[in-house]
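Position 91, counted from 1, in the sequence shown is what the UniProt record's numbering calls 91; the numbers after and before it change by one each time, with no gaps.
Misleading hints may appear alongside valid ones.
Once the Cα atoms are required to be at most 16 Å apart in a straight line, the calculated EDC-like pairs of lysine to aspartate or glutamate come out as [to be verified]:
1) Lys78 - Asp48
2) Lys47 - Asp13
3) Lys59 - Asp70
4) Lys84 - Asp56
5) Lys59 - Glu74
6) Lys55 - Asp69
7) Lys78 - Glu64
8) Lys61 - Glu74
9) Lys51 - Glu35
10) Lys55 - Asp70
11) Lys47 - Glu35
12) Lys47 - Asp81
13) Lys55 - Glu35
14) Lys51 - Asp81
15) Lys51 - Glu74
Because the hints were derived from the structure by calculation, they are not lab data.
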Amino acid sequence: MMSTYNISKMNKDAQMRATINQKLIETGERERLKELLRAKLIECGWKDQLKAHCKDVIKEKGLEHVTVDDLVAEITPKGRDGLKMIPKVTEIFPKYGSINGATRLTIKGEGMFPLY
């Protein structure tokens, strides 16, 4: 059973995540981060590996016998495992700069929150 403290902390954490996400959207940094992640996934070969795995699954089961749901179920675990190949956010920021040119993000009314 969860205590009132744990529920309150979870709510506060969810509010903080929502506030940070909103700030990232407003500043355009969310899109920049998505593009950076997309580039990293391509750079490390993650996208090509998943594409090859999809082709293997289709060859193995036959095109007529594979649904999109089957394909998603087959490649999701491999895709998640492959994410370990890319650098963590803390490794990306020093190389490419940081959000809004600072290592901290100011959230109105919330003070400063480190992003690392």
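Against the earlier hints, flag every one the structure doesn't satisfy and list their numbers going up. Structure breaks hints 2, 4, 7, 9, 13.
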